[in-house]
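> The primary structure of each chain is shown beneath.
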Amino acid sequence: MSKRIVIHEEHCIGCRLCEVHCLVQHSSSKDIIKAYGGEHSHLMPRLTVEEDGPLSFALQCRQCEEPSCVEACVSGAMHRDPLTGMIMCDEERCVGCWMCIMVCPAGAIQQNLLGTKIASKCDLCYGAELPACVAHCPNEALTFDDVAEKGAGS
Amino acid sequence: MRAVIVGNSATAVGAIEALRAVNQSAKVLVVSEESHLIYSRPLLSHYLGGEIDQVRLAYRPSDFYTRHEVTPILETRATGIDTAGRRLLTQDGNSIAYDKLLIATGGTPILPPMPGIDTQGVFSFTRRSDVESILTYLEAHGGKEAVVVGGGMIGIKATDALIKRGIRVTMIELAPRILGVALDSTASRLMTRLLEEAGVRVLTGNTVTEIHSRDGRVHSVTLREGGTIRCDLMILGIGVRPNTELVEDSDIRVNRGIVVDEYMRTSAPDVYAAGDVAEAYDLVVDMNRTVAIWPNAYRQGAIAGAHMVGIETPDAGGVAMNAIEVHGVPAISVGNSNLEDEPGHEFLTDLDERNHRYKRLVLKDNRLVGVTLVGHINRAGIYTGLIRHKIDVGASRSALMSEQFGLLSLPDRYRKHVVTGEGIEV
Amino acid sequence: MALSLATASFVIERDPARCIACQVCVRQCANDVHFYDADDDTVRAHDQSCVGCHRCVTLCPTQALSVRLNPLEYRPHANWGPDILRNIYKQAETGGMLLTGMGDDQPQRIYWDHMVLNASQVTNPSIDPVREPMELKTYLGAKPERLEIDDHGDGLTLRTELTPQLELDIPIMFSAMSYGSISFNACESLARAATEAGTYYNTGEGGLHPALYQYGERTIAQVASGRFGVHLDYLNAAAALEIKIGQGAKPGIGGHLPGEKVTLDISRTRMIPQGTDALSPAPHHDIYSIEDLRQLIYAIKEATHYTKPVSVKVAAVHNIAPIASGIVRAGADIVAIDGLRGGTGAAPTMVRNNVGIPIELAIAAVDARLRSEGIRHRASLVAAGSMRCSADVVKAIALGADAVYIATSALVAMGCHLCQHCYTGKCNWGIATQDPYLTKRLNPNIGAQRLANLLRAWSLEIKEMMGGMGVNSIESLRGNRDHLRGLGLNQVELDALGIKAAGM
Numbered sequence: 001m002s003k004r005i006v007i008h009e010e011h012c013i014g015c016r017l018c019e020v021h022c023l024v025q026h027s028s029s030k031d032i033i034k035a036y037g038g039e040h041s042h043l044m045p046r047l048t049v050e051e052d053g054p055l056s057f058a059l060q061c062r063q064c065e066e067p068s069c070v071e072a073c074v075s076g077a078m079h080r081d082p083l084t085g086m087i088m089c090d091e092e093r094c095v096g097c098w099m100c101i102m103v104c105p106a107g108a109i110q111q112n113l114l115g116t117k118i119a120s121k122c123d124l125c126y127g128a129e130l131p132a133c134v135a136h137c138p139n140e141a142l143t144f145d146d147v148a149e150k151g152a153g154s
Numbered sequence: 001m002r003a004v005i006v007g008n009s010a011t012a013v014g015a016i017e018a019l020r021a022v023n024q025s026a027k028v029l030v031v032s033e034e035s036h037l038i039y040s041r042p043l044l045s046h047y048l049g050g051e052i053d054q055v056r057l058a059y060r061p062s063d064f065y066t067r068h069e070v071t072p073i074l075e076t077r078a079t080g081i082d083t084a085g086r087r088l089l090t091q092d093g094n095s096i097a098y099d100k101l102l103i104a105t106g107g108t109p110i111l112p113p114m115p116g117i118d119t120q121g122v123f124s125f126t127r128r129s130d131v132e133s134i135l136t137y138l139e140a141h142g143g144k145e146a147v148v149v150g151g152g153m154i155g156i157k158a159t160d161a162l163i164k165r166g167i168r169v170t171m172i173e174l175a176p177r178i179l180g181v182a183l184d185s186t187a188s189r190l191m192t193r194l195l196e197e198a199g200v201r202v203l204t205g206n207t208v209t210e211i212h213s214r215d216g217r218v219h220s221v222t223l224r225e226g227g228t229i230r231c232d233l234m235i236l237g238i239g240v241r242p243n244t245e246l247v248e249d250s251d252i253r254v255n256r257g258i259v260v261d262e263y264m265r266t267s268a269p270d271v272y273a274a275g276d277v278a279e280a281y282d283l284v285v286d287m288n289r290t291v292a293i294w295p296n297a298y299r300q301g302a303i304a305g306a307h308m309v310g311i312e313t314p315d316a317g318g319v320a321m322n323a324i325e326v327h328g329v330p331a332i333s334v335g336n337s338n339l340e341d342e343p344g345h346e347f348l349t350d351l352d353e354r355n356h357r358y359k360r361l362v363l364k365d366n367r368l369v370g371v372t373l374v375g376h377i378n379r380a381g382i383y384t385g386l387i388r389h390k391i392d393v394g395a396s397r398s399a400l401m402s403e404q405f406g407l408l409s410l411p412d413r414y415r416k417h418v419v420t421g422e423g424i425e426v
Numbered sequence: 001m002a003l004s005l006a007t008a009s010f011v012i013e014r015d016p017a018r019c020i021a022c023q024v025c026v027r028q029c030a031n032d033v034h035f036y037d038a039d040d041d042t043v044r045a046h047d048q049s050c051v052g053c054h055r056c057v058t059l060c061p062t063q064a065l066s067v068r069l070n071p072l073e074y075r076p077h078a079n080w081g082p083d084i085l086r087n088i089y090k091q092a093e094t095g096g097m098l099l100t101g102m103g104d105d106q107p108q109r110i111y112w113d114h115m116v117l118n119a120s121q122v123t124n125p126s127i128d129p130v131r132e133p134m135e136l137k138t139y140l141g142a143k144p145e146r147l148e149i150d151d152h153g154d155g156l157t158l159r160t161e162l163t164p165q166l167e168l169d170i171p172i173m174f175s176a177m178s179y180g181s182i183s184f185n186a187c188e189s190l191a192r193a194a195t196e197a198g199t200y201y202n203t204g205e206g207g208l209h210p211a212l213y214q215y216g217e218r219t220i221a222q223v224a225s226g227r228f229g230v231h232l233d234y235l236n237a238a239a240a241l242e243i244k245i246g247q248g249a250k251p252g253i254g255g256h257l258p259g260e261k262v263t264l265d266i267s268r269t270r271m272i273p274q275g276t277d278a279l280s281p282a283p284h285h286d287i288y289s290i291e292d293l294r295q296l297i298y299a300i301k302e303a304t305h306y307t308k309p310v311s312v313k314v315a316a317v318h319n320i321a322p323i324a325s326g327i328v329r330a331g332a333d334i335v336a337i338d339g340l341r342g343g344t345g346a347a348p349t350m351v352r353n354n355v356g357i358p359i360e361l362a363i364a365a366v367d368a369r370l371r372s373e374g375i376r377h378r379a380s381l382v383a384a385g386s387m388r389c390s391a392d393v394v395k396a397i398a399l400g401a402d403a404v405y406i407a408t409s410a411l412v413a414m415g416c417h418l419c420q421h422c423y424t425g426k427c428n429w430g431i432a433t434q435d436p437y438l439t440k441r442l443n444p445n446i447g448a449q450r451l452a453n454l455l456r457a458w459s460l461e462i463k464e465m466m467g468g469m470g471v472n473s474i475e476s477l478r479g480n481r482d483h484l485r486g487l488g489l490n491q492v493e494l495d496a497l498g499i500k501a502a503g504m
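Residue numbers (our numbering), protein chains in the order written: chain U, 1 to 154; chain Z, 1 to 426; chain X, 1 to 504.
No wet-lab data here; the hints were simulated from the structure. We put the CB at the ideal spot given by N, CA and C, even for glycine.
Quick list of the computed label-pair ranges, beta carbon to beta carbon:
1) Gly344(Z) x Pro54(U): 31 to 41 Å
2) His36(Z) x Pro54(U): 51 to 61 Å
3) Gly344(Z) x Leu232(X): 55 to 65 Å
A few chain U residues that face chain X, going by a derived Cβ cut-off under 8 Å, partial list only:
4) Glu10
5) His11
6) Ile13
7) Gly14
8) Cys15
9) Val20
10) Ile33
11) Tyr36
12) Asn139
If we strip away everything but chain U, and leave its shape as in the complex, we get:
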């Protein structure tokens, strides 16, 4: 079993609180007022809310079973964490070649805004009990659920 963020588009209300709290979680202060005050221009949420009228959903890395980004990564930065099984980007190794952006079928990886040439993606709030987007979704449109893994090698 591994944990995965499950998107319930029927419950997404397009408030974008997930984006707000994602940004805060990845700020240095982790304080919402400070994050938006000083650091805001350098920060970006690692998930995107797509919205068109009543249809909306918050999209972050889908943790593909066979991740195209890992396959395409030339630096070895994009990898499956041996401990958690999660797809992570080792920002120390990323050179910003954007191969991952080219192949991610969900469009869930972005160039970061700092111009540091690092691919920015959901890290499931590494170390936190719950990803910030899940914890702050007011309508349970994002849940952090156990997902049975398929047979190895498939």
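Given the coordinates of chain U, work out where chains Z and X should sit on it, guided by the hints.
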């Protein structure tokens, strides 16, 4: 079971990781001509440009071989295969027995017959040793001006690295435009202009006919269309061809590359080929061909590695694609992105020349077959997914070109598959 | 257009030190109160449109928002208050009836707050509900005159054949709210919570959506004057049927679901054309007498083969006692009475605030009348019209109700903030709306859970209060007015309620 892998790059890593994911008992040997442990070839330009150090060249952690229980046999060139006796022959006259053999020898740089090509200061640009030679050479002799032959991926990456080192570059491309394999004429023009803005002189429809030396080192080149260009350094970045040398004397079927099936099996039993050397299925052109790109190499390696230990995951096929960056502007091309005026195809374009932004989609029968993005590349992978899964985008056509393009505008079933489903498999 | 004289009811207070301009408030307000000004990267508000629903305040991630009553003060006048003036300004502009939603908001006397409960001391010890069984089970339906029992020697069996009963694990049901007046997600929340809590919810006159048939065993299906969505499968899917004659919020008035709310799904469920107004007539056009009512009751019983109890719901009005008596004699198994403060999705303000009587007085009057006529056992009595807490429920039962209906409390549990603008269809909480952008805001998983939580919390409190009174079964409390005393009531009121004054 004894698996032998010839080659030491993405394909080998793909094979080792897939194999070890399900099997711990097989003996795995990696035979490589090079003396280095696994490193990333695409990072060589970053290394040359001084953006990363040697440590970051490593594609996998230094304990990769030990952790995956792989025996590396380095600095050993494989010279032939005894398919009947199941042995890999090596240059030192020895041979290595195998139960399963993976040929992952990659590509060889194309070196045109050019008088003076052996002059000091003339380099190819595919291996780590090439870059180390360039760095040594630059340290010893300095260098202000360079000629790069080839306006394809390799040439561009070499040029970008040299610019970052403060070297003035003249790029010489035989074809009428640079990056002609990947880009249409408009995108090519944009990239040319970006190179020029970065101080590069770009000459197309031209080539070097002779290399001149002074004190045994390269000094200038003569151009076919007349004139001479001074240079302290010259890099040949024309391209690579499949390195099929190893199988030339065997009965293994070779076309341009080594012909393989959907499990990367060659015509010889228990012999696989994958990566740049292999001629595998390309799902966009619907035929087998060699496509020398990193993601294909890794994936094909993984398919072969898994098949060696009994896991049958057929390859759905590769898609040609590339991501490059010139003068800080990224560009991505996927599939049949360079087609122009092709009958039966439809072209959607959006050009903002001033801001170096360009978007071009190629459609055939309401399915996306090619994409070019310059400048704004976020979410490019969604297009790649549409190409790979041959999704009918007829109903979403208007949204395809929108600034807000996303999964939302795609057919419901596909959207739900990506968003709420188990994720995309490739 | 001439200048409107109606001033804003509320003002938005935004703390600039806390506002991060994330625009969550902008996106959440269906009344377009908040707006983002890109020129100076700030969020501002059109106070005039604010209905005071607090959606923005609740979702603001930095607690930067507050909504206050407009501090604008009119020259004090004991007779002509600001609300009265605003209403006149509005009507002078529109020439229309004043519309509103939810229950009566005027300060008429709330008798619940003038009744107190008893507790045992010394001579009749109280019961600890944590240690002793405490029975809340309630059966609704006609009870026989007497029970005949066969003794086989090795056991007893009931010879008397009982008429159909509804079995409630807790004497609280969800009152009628139609699919149309509330969203599908709200209906589903109610249905699931009723299922989980072992009680019932009520379809109102909205028909039964196919997706809710699975909760049929926990559904009371209404048959009202418009007969919307009524067909044999509908009747047979439900656990009980209810003929709706009147509603506490608007006695004597019909219903009106505007065409824009009649979506495809609603039109199918109600069996009316999409986009057409759904008009429920004020009276049933086939009921002009107790005899007519009896015909409908028995038509329904025939259609459902006498397997389901039939309820008749009326508004609490002046002669409620004889009306209830007539209903019982017409053959109803349950009489549901909805008081003055009962809610609605839309009603003329004047009707809501001025027609009908408080439910407390109605229960007392009906229970007393049915007892005096010796027919109290022939029907169960369900009280509705503002049960705000478990104590109100206990008092209603002590006054003589078998069970209560709650609706406003249920809506509040799902997020309703009593802004009273249900009729606009712009409910920011996703409850009283059919706008798909808004209905998503009520996740039925959350709605059902919150409702079930509320019922559980109230049942714990009811048991606690019963234990204190030394009562271990809700049946022993029913109509037991000795457990009630009046506080600050005059003798006429005490007599009407049938209770003694506190201290007596």
